[in-house]
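With the hints as constraints, model all of the structure from the sequences given.
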Amino acid sequence: MKLALLETLRQQNPIVFNISNFVTVQDVANGLNALGASPIMSEEVAEADEMVGLAGAVCLNLGAFTQGQIEQIRTVGRIANQQQKPLVIDPVAVGAIAYRREVAEGLLTDFHPDVIRGNAGEIAALAGVAWQAKGIDAGEGDGDLVAIATACAKKLACVVILSGPTDIITDGERVVKVTNGTPLFQVHVGSGDMLSSIVAAFCAVTTDYFEAAQTACMVFAAIGQLVVQRQPQVAAGSFTMHLMDGLQMTTVAEIETIAAYQLEKG
Amino acid sequence: MKLALLETLRQQNPIVFNISNFVTVQDVANGLNALGASPIMSEEVAEADEMVGLAGAVCLNLGAFTQGQIEQIRTVGRIANQQQKPLVIDPVAVGAIAYRREVAEGLLTDFHPDVIRGNAGEIAALAGVAWQAKGIDAGEGDGDLVAIATACAKKLACVVILSGPTDIITDGERVVKVTNGTPLFQVHVGSGDMLSSIVAAFCAVTTDYFEAAQTACMVFAAIGQLVVQRQPQVAAGSFTMHLMDGLQMTTVAEIETIAAYQLEKG
Amino acid sequence: MKLALLETLRQQNPIVFNISNFVTVQDVANGLNALGASPIMSEEVAEADEMVGLAGAVCLNLGAFTQGQIEQIRTVGRIANQQQKPLVIDPVAVGAIAYRREVAEGLLTDFHPDVIRGNAGEIAALAGVAWQAKGIDAGEGDGDLVAIATACAKKLACVVILSGPTDIITDGERVVKVTNGTPLFQVHVGSGDMLSSIVAAFCAVTTDYFEAAQTACMVFAAIGQLVVQRQPQVAAGSFTMHLMDGLQMTTVAEIETIAAYQLEKG
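Here the protein sequences come in this chain order: A, B and C. Sequential numbering from 1 applies to the first sequence in my numbering. Sequential numbering from 1 applies to the second sequence in my numbering. Sequential numbering from 1 applies to the third sequence in my numbering.
By construction, these hints were calculated from the structure, which means they are not laboratory data. There could be a bad hint or two in this list.
[As the list claims (entries may be wrong)] Now the stretches of chain B that chain A is said to cover, found in silico as 3 or more residues with beta-carbon under 8 angstroms:
1. 25-34
2. 45-54
3. 234-242
[What the hints assert, rightly or not] Reference excerpt, derived from the structure (chain C facing chain B, CB under 10 angstroms, subset only):
4. GLY31
5. ALA34
6. LEU35
7. ILE40
8. SER42
9. GLU44
10. GLU50
11. VAL146
12. MET249
13. VAL252
14. LEU263
Glycine residues also receive a C-beta, built at the ideal position from the N, C-alpha and C atoms.
Printed below as a string of structure tokens:
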């Protein structure tokens, strides 16, 4: 776990191009900005090539898309592959909505992601494992989460983050678990989307995407946990505000004091 | 007024499917989440049937729509009726923009809402009563607000919430007034949209939509009022943050200490 | 510098019609509302004429547009000119993305703006001056910023605001510099878009757009600076919240205590 990547990120201020969920786009942009990256957003195919060219990494959110946006997502994904820019995918609600799973599966034949981040229901759906999702939430099931994440990573030949109370990060062989965090992430609808874009920001500053994925999860989870430790009375609204402050102000040294993770395999 | 419905809502965590105003969608999602419901959003007709199927209630915001969105709203409204899911309509700015009133009137022949929530200008427009709206704000007029709300409820055969400093809730016969609240709701553009979706959340946990509508208004107004009582210096930004906290943390017992409402008829 | 315009604005509560960047639309609406204006938003050409008719001023954000939105922007710009409503343009990222510059240049032959507000990279691009922009950020270059702003104002025959640590406001002859502000504006992605719409709000309450532009810049920069002076520990999230409070609560007298500006020419 190379937490010093956070300092690299803040020095390099990488541009992250996001095709974002319309529900959470403002929080995602502000979260990237607060952490030290530079967000750009676009809904227009005509500028896709230029946008990818500017960016150090690309994050595609597969939630809440229209037909027109699918075409743009496909184009941007292909261009990211062509330009060899790291590509992060967030498959929102593919576990709950069959239509979204079908579209996502189609898109994943058109381009290759370097990292996929989703909750248990979403990663299970992409891995082809039975799971009971609930709406856009993770749902619950009996499956072994490590097995699900590993199966998805092997199937799609990429790094997978199965996020939840414990984040599981795997490249199909090695597995790291991050156990920091706070339940308050669940009451802020932008948390998952924000994490996905932060993963992309870390992928822009190292070629080791497994390392980038772990570090992003640790940084995000630890900052959330530190917010609650410092302000125990925070709730839905104040947590979000303090999280943004924390993304900007938290140091690597502060994160190291609480960092809780383990290498399961590898 | 069955305030205990708030506890039911928090236990059941109902999924509310929203077609939301693009201006306020993030606040609406976060507000639902904070209160204890589970928001889902979509702009894509192809997943309308699945989305309604997942949901315990549907809320359609008729503000800021494009031609494409109108078709989606029509489809979702019809499916909600077919699936017998409670349907809440928020007719944003139909009092100020003739185009929106015409579209809304057309849509209301395509599906039947269970609850309509709007300000005085919006409800007057749907009722066919003269009223001077101002932009997206309520405007002012000489009409008897109870008469306007009742006329709208009778005309459209649904529960009507005419919200403002005093919320008027009517099924066309019975009328309840909720007098809690705070003027700070006016400086937060998402307040009305958030209330509409919260009404839908309550409709998901009871079949008595008149009861659901009253309770939603009381819960929302009282939480806003409690925020200001506890933090008298709040203004536009901090009010919104504390409102989100309040939606999550306020108990039925706290609401009961200030609940101010009266049954006018019935 | 007529700071009393802020009081006029709060008394008149002008309606500002915005075609907004989808990333920042909620913050823009809330910022206008907090300051004392009344925001309306629309993405639908069919209601463009009515929307402009309701408004005291129009603000068109040229960031993050799709093909469909370009058509709407063109229509709304022309109608604003026809109805002689003040028109403010925010040319987001035209300095970084050639596609956006081309579209913006085309639009600027279809309607005439009264005020353009952008960062150095954006204004340089419209003026046809070489400049190194970075993503959506201002970038850096060797040019004389006053010369760039003046060249843009002369070329397009309008008031130009080149905003940054120092805001430069010019009508092509006269130049005013506003040196208030805080670096925290940079960590909030909505700051520039919010300022553009606030410029429009001031244009709605005076026919002197050079005066309106200066006053808007001073009010916004000074309120940001006062937030940080009063709460020195603010960061990305809390700054935004306190900025919204400040937009609502800050008086002209408070702004006068720190107002720092100079008339360079004229």
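Evaluated hints:
1. 25-34: Held - the segment 25-34 of chain B has 6 residues with a Cβ nearer than 8 angstroms to chain A, which meets the minimum of three.
2. 45-54: With 5 residues closer than 8 angstroms to chain A, the segment 45-54 of chain B meets the three-residue bar; holds.
3. 234-242: holds (count 3)
4. GLY31: At about 9 angstroms, which falls below the 10 angstroms cut-off, the nearest Cβ of chain B leaves the hint on GLY31/C intact, so it holds.
5. ALA34: 4 angstroms, holds
6. LEU35: 9 angstroms, holds
7. ILE40: With a minimum Cβ separation of about 5 angstroms from chain B (threshold 10 angstroms), the hint on ILE40/C holds.
8. SER42: 6 angstroms, holds
9. GLU44: Holds. Min distance 5 angstroms.
10. GLU50: 5 angstroms, holds
11. VAL146: 34 angstroms, violated
12. MET249: 5 angstroms, holds
13. VAL252: Nearest chain B Cβ about 17 angstroms off; hint violated.
14. LEU263: At 32 angstroms from the nearest chain B Cβ, LEU263/C fails the 10 angstroms test, so the hint is violated.
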